Amino acid sequence: MPYRPPLVPYETFVADPPELPARAPGEQGAAVVTRAEVVGTDPHGVTLAATTDDGATLAARVESAGDGIIRVRLAEDLAARSRSARALTLVHPQPGPARVSVGGGYVRVDAGGVLAEIRLDPWGLRFLAPDGRLLLAADPGTHDISGRRRTLPLGRSYAAGAPVAWHESFTAPGDERFVGFGEKFTPLDKRGQRPLMWNFDAFGGESDRSHKNVPFYLSDRGYGVLVDSGLPVQFDVCAATHSSVQLLVPDDLLDYYVLAGPTPAEVLDRFDRLTGRPYLPPRWAFGAWISSGFFPDSQQRVLERARLIRERDIPCDVLHLDCYWQVAGNWSDLRWDEEAFPDPAGMLKTLSEQGFRVCLWMNPYLMTGSPLYAEAEAAGYFLRRADGSTYVADTWHGSYPVCAIVDLTNPAAVRWFTGLLRPLLEQGVAVFKTDFAEGVPADAVAHNGMTGVELHNVYALLFNDVVARVTEEVAGHRTVWARSSYLGGQRHSAQWSGDVNATWPGMASTLRGGLSHGLSGVPFWSHDTGGFHGTPEPDLYVRWTQFGALSPLVRLHGTTSRLPWDFPPEAERHAVAALRLRYRLLPYLWSAAVVAARTGTPMLRALLLDTPEDPTAWTVDLQYRLGTDLLVAPVLDPSGRRDVYLPTGADWLDAATGQRHPGGRHLRVDVPIDRLPLYVRHGALIPVLPPAGTVAEGPFRDVTLVSWGGVDGRAVVSDEGGDTLVTAVRDGDTVRVRVDGPLDVRRVSVVGADTPRRVLLDGSPVPVTPFDGWFPA
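Take the sequence shown: its position 520, counted from the start at 1, is 520 in this note's numbering, and no numbers get skipped.
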């Protein structure tokens, strides 16, 4: 369990996981596989009878789940599935062809990109790359001088005579690095940490608690490990012992996958084959979202915000209305506050005519004071206690009335809940912010018989699935703006980091969470720009908006106003300039989004993703690549100074000055408030648009292509009409640019010391357009 300091309040209602039992002194409890016999082989793998050191026999299976993927299972019966599968399936494997050989006391299962080698007696298991390189090996178990067990190898454990968890351990070289596990706000390299797969109402983003857990990790040795379970899986990443990674799975079986690379991008691609491709949000979602904030609102205020946004030329496509579009004290019965919003249909029509889409806040908890509560409670639409009574919980932690939790395993409750959402979409609402969903108590009971422990993590997926389906039915897209998620949650875009504090450290830990989540298969991520809790000082507001504008998605939201004009004029000017830069970069951002949806690689990319051979890239976690060609290093304290690492494999140009720097080095920079450290890969071709206040429908028009360095380059730009391949070839004092595809390129700019005298665009000379800069003078 995560450590919580004494006397510090966390919740009045606790939705924590049950702790694994502690063994009594002298109690052994661990039954470890010691040897195995082959039961049979087939074109996909091998089935084994595994004997444990207490004399029991378990069923084991090692098989191919596709090229470069090995699946390992251990159970009493191989027909067993995770208890969370009663709600939904998390992993969708397809048996893959394998070359299976038996001989000399070994079994080998060759899945192309990875080979599993099994030693039968004594038991041993290791995974090899096609060239014979060791990827990882099972830890046979270690004991100390007193005979005490230090690791838990393949097997299961008992307490008081009952099985409580399955486990596996892998040896870890002293310099191996591990990333992933979902949206974790801790340092990127998880070595020495104990990630727990349990969704928490995390109260910010500055602890090891997280709203979005993914039982998956990547290693710098060129592989990944995925555990198929919705229960509170625990990983011990070289914490109990520096030489072992341990998996503890309190489920009905152990079911894990080893995914080969060798690159992180290839591992993520294989991860998607098992869990599904990310959903690409509509293009308007990549514009700015501006929120009402978490305080009372009204139709008049919304229309006034919209008027001022357009009047002040602030780029914006989505207006988010938070809790107070509903009657306070009745949340979340999904009904307009008729006094504050007397004509919501008219308001939505007016906003649409002004170029805005509207997002509404909601959650799956219904306050007991709602007029809808009694009927829904009588119909059995909520989670219950073991005695059959409705589980009424303090899900708002004492700050608002208690709630019941909609039971989304009950088809009738889903129909009722969907019936509340559908009229809002038909009225003109574009999208919902799906808040909370981490509060299923461990002792709750669901309609389908699941316990709260079994349902807790996957409830977030059920919730987002329900909202996404009805949104697609009415509005034609499946986007939700989600706080909680779990394995396979990349089908729900977008996701944001939750209620982070409006502080400088809060911004830094938020970035770590985004990098970690991107390496866990979720490419479309965002955060409360400006921080959620509290009011950011003006410089922090600017710096956070610069970070937000160069994130996959951007939303300004908090407990107080994040409207630019509610900050000093200079802060407003710089924050709006950052949003305008985002809108100019939309062809680049959209192209990166399309690649992310196709491959599972994130838009906000930890440096290790593109340069896995660079050891420093595995430790840098406060900067990132946005797509492949932009390097972003948000300023993280009031000084404006920070260290920036430029990764190997390329030279980098300062986006503000054009100065060229070699990769593989650190810079210490002092950056004025009107810009942030932003670098462009030498040779990049970046498409930009003229300034605009909204994301235009239809193909990108009037594109300027910016050649960074005026050298050979290549880029693929995605648009509604398909992909366009843009190439640049430097020939003496001439740059020849060719556009193969529908992209409407009108101009070419060149940044760099060696500016060409002439540019040919598809064979015709065009003026070398002076680069107008991405930051205001």
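Derived from the structure by calculation, the hints contain no laboratory data. Note that the coordinates shown come from a computational prediction; the quantities given were computed from them, not determined experimentally. Incorrect hints may have been included.
[Stated by the list, open to error] Estimated spans, in silico, between C-beta atoms of each pair: (1) A696 - R598: 18 to 28 angstroms; (2) V39 - A240: 29 to 39 angstroms; (3) T418 - A753: 53 to 63 angstroms; (4) A753 - R598: 27 to 37 angstroms.
Backbone N, C-alpha and C define an ideal beta-carbon position, used for all residues, glycine too.
For this session: Determine which of the earlier numbered hints do not hold for this structure and return their numbers in increasing order.
Result: none
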